[in-house]
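Mind docking chain G on chain H? Use the hints.
Each chain is listed here by its residues.
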Amino acid sequence: MSTSRPRPIGLLTATLALLRKDLLIEWRTRARLNAIIFFALATLLMFSFALGPDTKLLEKNAGGYFWLAILFASVLALGESFRVESENACMDGIRLAPADARAIFLSKALGNTLLLTALGVLLVPVMVALYGVRIVTSVVDLGLILLLGSLALSAPGTVYAAISSNARARDVLLPLLLFPLVIPALLSAAKATTLVLQGDPMRQFDSWAGLLGGFNLIYWGVGFLLFPRIIED
Amino acid sequence: MPPLSAAPALALHDVSKRYGRRWALARLTYALPAGRSLLLTGHNGSGKTTLLRLLATALNPTAGRVEVLGRDAVVERDAVRRDVALLSHASFLYEDLTAHQNLTVLARLLGLPSPADAASAELSRVGLDRRSDSPVRSFSAGMRKRLAIARLLLKAPSIALLDEPFGELDPAGIRDMEAIIAELKASGVTVILATHLIEQGLTLCEERLHLQEGRAVAA
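Line order of the protein sequences matches chains H and G. Using our numbering, the letters of the first sequence map in sequence onto residues 1 to 233. Using our numbering, the letters of the second sequence map in sequence onto residues 1 to 219.
Just chain H, with the same shape it has in the complex (with noise of 0.2 Å):
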């Protein structure tokens, strides 16, 4: 038996343990990775195959493609990281250890936020190639606009997806219950990534970035105080 008894330790390193365990699990089958690439690449081309050779429509609406491929995208990074949880109960494992529950929020939500924010780092050449458009303010805005719209994404995704994971039709629920509370962080992040692609004489970038930034605030504290509720009995 280990000679060295457990020692209860910070909030920030169990998030940093859970959240390594998570990128571990991601890295050794690229499982989810792969699955969300794949969604989101072809819900990109559904939409250029859909509005046929309009090239203008296509120009005026790529932030909101862009957004709405993530989106559904998330849906499936989101479920598939309770799932590694629900097997053999690892999540009542985690719990036991015990490991703070906030820092479990913290670790999925930040796990989701890289793999959303990676994801759409890996779109917007996609989305440049396929819509023809060309990035006109500044890439700095685009990455500040993913990661917050990736951060408004995962907070809310990951309370909801704990909440259906043990539900029996949480393929269904997950959507249903997160697709209408993000609507504010979408149509922010389609309005701010509309600005940097098609220029921004207004200065309205602020304040779209300043939304989405007020949403991650209160979705992240809302998470971070129910969390514990959601995941204990």
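Read the hints as simulated data drawn from the structure, not as lab findings. All values derive from a computational prediction rather than experimental measurement. Note that the Cβ used here is the ideal one computed from N, Cα and C, for glycine as well. Check before you lean on any hint, since a few could be wrong.
[Stated by the list, open to error] Non-contacting residues of chain H with respect to chain G, defined by C-beta distances greater than 12 Å in every case (computed): (1) ASP54; (2) PRO125; (3) VAL128; (4) ILE183; (5) ASP200; (6) GLN204; (7) SER207; (8) GLY213; (9) GLY221.
[Claimed, not checked] Restraint ranges, calculated between C-beta atoms of paired labels, are given here: (10) H:PRO8 x G:ARG137: 28 to 34 Å; (11) G:GLY188 x H:PHE179: 50 to 56 Å; (12) H:PHE179 x G:ASN60: 30 to 36 Å; (13) H:GLU87 x G:GLY45: 21 to 27 Å; (14) G:PRO113 x H:LEU226: 31 to 37 Å; (15) G:ARG22 x H:LEU225: 29 to 35 Å; (16) H:ILE135 x G:ALA90: 45 to 51 Å; (17) H:ARG7 x G:ALA90: 24 to 30 Å; (18) H:GLY214 x G:TYR19: 37 to 43 Å; (19) G:GLY127 x H:ILE218: 48 to 54 Å.
[Said to hold, decoys possible] Here chain H is said to cover these stretches of chain G; the calculated rule only asks that three of the stretch's residues, wherever they fall, bring their Cβ under 8 Å from a Cβ of chain H: (20) 91–100; (21) 110–117.
Just chain G now, kept in the frame of chain H:
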């Protein structure tokens, strides 16, 4: 807080647990003196697993109070969780990680000083050191059980909750498990064992609690 050594290892005060309309445990009252080990017996569905999960704080009681080493299992949940370890029907193992990685993750969460070394030591202890770098997905049921025991040992608990520890083990594995349980007891760990192998259980435990439809009855 009273000195923990004076408290019973576990105390159940009118404990009930309901799943939907079914009562898995009904007004169960029992105390296990410190330093004694307990054999839980009863038919399938009698409430053994529910009781172990309540003691592990995986579940909250619907009514009544559960105390583990003098601590309320609901109010002082984290402290209780540090003292107990559960060997469950579910292995708590990540299929895509190796045996060593599974234990290292837990060792980090436990705040052990050298997580990788602690993981290696427990893998040797249960005879899985040669398969430490194999993913759990490739393990047989018996090997998973051994790894789950290594996970429990890593926690160095004061109370070990063992739910059907002999299941899925071959005769050599059962002998090893008996030796591990004896070793746990010798090192002062309170063992609470639920099994259908009553003879084996009686040789390992001094106390016995027989459950029938969630109530304690004479064996």
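Quiz item: Is the nearest CB of chain G more than 12 Å from the CB of PRO125 of chain H?
Solution: At about 30 Å from chain G, PRO125 of chain H clears the 12 Å cut-off, so the statement holds.
Quiz item: Are PRO113 of chain G and LEU226 of chain H spaced within 31 to 37 Å by their CB atoms?
Solution: With Cβ atoms ~34 Å apart, the hint holds.
Quiz item: Can the suggested window of 30 to 36 Å be confirmed for the beta-carbon pair PHE179 of chain H and ASN60 of chain G?
Solution: 32 Å, holds
Self-check item: Interface exclusion of ASP54 of chain H relative to chain G, criterion Cβ beyond 12 Å
Solution: 44 Å, holds
Quiz prompt | Consistency of beta-carbon spacing, ALA90 of chain G to ARG7 of chain H, with hint 24 to 30 Å | solution = 26 Å, holds
Practice problem: Against chain G, does ASP200 of chain H hold up as non-interface, every C-beta pair farther apart than 12 Å? | Solution: At about 44 Å from chain G, ASP200 of chain H clears the 12 Å cut-off, so the statement holds.
Quiz item: Beyond 12 Å from chain G, beta-carbon-wise, is ILE183 of chain H?
Solution: 35 Å, holds
Quiz item: Is 48 to 54 Å a correct range for the gap between the Cβ atoms of GLY127 of chain G and ILE218 of chain H?
Solution: 52 Å, holds
Quiz item: When you take the CB atoms of GLU87 of chain H and GLY45 of chain G, is the distance between them in 21 to 27 Å?
Solution: 24 Å, holds
Quiz item: Do three or more residues of the region 91–100 of chain G come closer than 8 Å to chain H, measuring C-beta to C-beta?
Solution: Three-residue rule met by the region 91–100 of chain G, so holds; n is 7.
Quiz item: Beyond 12 Å from every Cβ of chain G: is that where the Cβ of VAL128 of chain H lies?
Solution: The claim holds: VAL128 of chain H sits with its nearest Cβ about 35 Å from chain G, beyond 12 Å.
Quiz item: Does the no-contact call for GLY213 of chain H survive, Cβ to all of chain G over 12 Å?
Solution: GLY213 of chain H is indeed farther than 12 Å from all Cβ atoms of chain G, at 32 Å.
Of the numbered hints stated above, none is contradicted by the structure.
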